[in-house]
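J.: What follows is the residue order along each chain.
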Amino acid sequence: METRLLTINADPVFQDRALAILDEVEDLETQIVRNLSEAVQALLEENFDGLIIEGEAALAVEQATNLRQHFPSLTIACLLQNGRRSDVAPKAKEQNIELLSAARSDRRLRVTLARFVRSLDSQGTASEGIDPCHSLIGNLNQFSAAEILQMSCLSQRSGRFTFKSGRGNSEIYLQQGSVRHAVFGSVEGEAAVAEIFRWRQGRFYFEEGIISQEQTVNRPWAHLLIDNLQKLDETLELVSV
Amino acid sequence: MRDKDLETKLRLVTLQLENWKKLHDLITYGLDKAKPIISTEQERQFTEIRANLLQEIEYVLRELNMLAEVSGKAMSVLQRGVSVRGVRDLSNDEVRRLETDWNGVFTKFGLMQGQLKARRKELAEQTTFNYYLNRFLRRPATAH
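As they're listed, the protein sequences go chains A and B.
Numbered per our numbering, the first sequence spans residues 1 to 241.
Numbered per our numbering, the second sequence spans residues 1001 to 1144.
I should point out that these hints are in silico values taken from the structure, not numbers from a laboratory.
Some hints here could point you the wrong way.
[To be verified] Not close to chain A: a few residues of chain B, all C-beta gaps over 10 Å, as computed: (1) 1002; (2) 1004; (3) 1015; (4) 1024; (5) 1028; (6) 1038; (7) 1056; (8) 1065; (9) 1078; (10) 1094; (11) 1103; (12) 1112; (13) 1114; (14) 1115; (15) 1126.
[What the hints assert, rightly or not] Ranges of calculated distance between the beta carbons of each label pair, as one might list FRET restraints: (16) A:207 to B:1117: 40 to 46 Å; (17) A:104 to B:1036: 49 to 55 Å; (18) A:29 to B:1068: 29 to 35 Å.
[Said to hold, decoys possible] Some chain A residues near chain B, calculated using beta-carbon distances under 10 Å: (19) 12; (20) 14; (21) 26; (22) 31.
Glycine included, each C-beta is placed from N, C-alpha and C at the ideal position.
Sequences are here, hints too, so could you generate the full structure?
T.: This is the structure we're talking about:
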């Protein structure tokens, strides 16, 4: 299966050194956008395994930090064209953003980019397979995650929701109508809930009575719902900037 | 296998097509009399797309060996369409000319993209050995 990579490059025709290298990588599909707003639009519409932001260090990390708030599980790397790496390294580390340096030699840059693409491959994707015995099964095209969770929380359900999409599998555990635990890959808690809110494609099922020992979400459902819907609105606003 | 030149050309064509589509969306909006409000944001987008196209068109067309056939039409569109408001103020004849020229440029790029994708598909089905063997066997005979 092809790895899908989104690249932000303000001048993709004339500053295309990294893009030319990415062109040669087998089983990689690269989509190029020129600015943050186009990137948000692409990320909302399609699934990508990773994102590379090319540019000057401070600006690239600022854009990456902005995107991290809206796409918590996305693998993001900044390919720094100039500027001191040490200036932005702490901020990047805090936001789980990888820093790649645009080495002078093509050979070294090729190695750097190949390593990053391989790291995306190894993350794997979701496997399908839904048991028809589950108490609630559906499709995210018809019902959004917010609607399904709202319904389950109002009826004071306890159990596990599993969401499966091209982005991966995620789980949300409910206890007596409250979200107790959420996990998506390495992301846990409210960030995982926020991620699932954005999914517009995929399937879900609910298993009654499965309770999580872990508790990573402490706020009432109503607060989560309002915050996440507001966040989604803010993400959509970025598209129109 | 992937051919570096082909991938570069495909990337350039895709980027051009994206910009020409966006330009067309804004031109269409400008010509739609039912939508009286043209925002500063739309004008900013139009200027940005136009600036990118002006900057890149000649280089891209030369890379794709399309300079002679498309350059005139592309420049005609970019010179006529100075802003969304400017497009709205064009005469009927100029609008028709603008649309015809845009269509000419878009068609050429679309065709080129199709040809490049077909070539990529052929290459994907070939092994590296077959590729070089075919190139060797297809070498034209030298005249003496």
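J.: Now tell me, hint by hint, if it's right for this structure.
T.: Quick rundown of the hints versus the structure:
no.	hint	verdict
1	1002	violated, 6 Å
2	1004	violated, 6 Å
3	1015	violated, 6 Å
4	1024	holds, 17 Å
5	1028	holds, 18 Å
6	1038	holds, 15 Å
7	1056	violated, 5 Å
8	1065	holds, 16 Å
9	1078	holds, 16 Å
10	1094	holds, 29 Å
11	1103	holds, 23 Å
12	1112	holds, 16 Å
13	1114	holds, 18 Å
14	1115	holds, 17 Å
15	1126	holds, 13 Å
16	A:207 to B:1117: 40 to 46 Å	holds, 44 Å
17	A:104 to B:1036: 49 to 55 Å	holds, 54 Å
18	A:29 to B:1068: 29 to 35 Å	holds, 32 Å
19	12	holds, 6 Å
20	14	holds, 8 Å
21	26	holds, 6 Å
22	31	holds, 9 Å
In summary, the numbered hints that this structure violates are 1, 2, 3 and 7.
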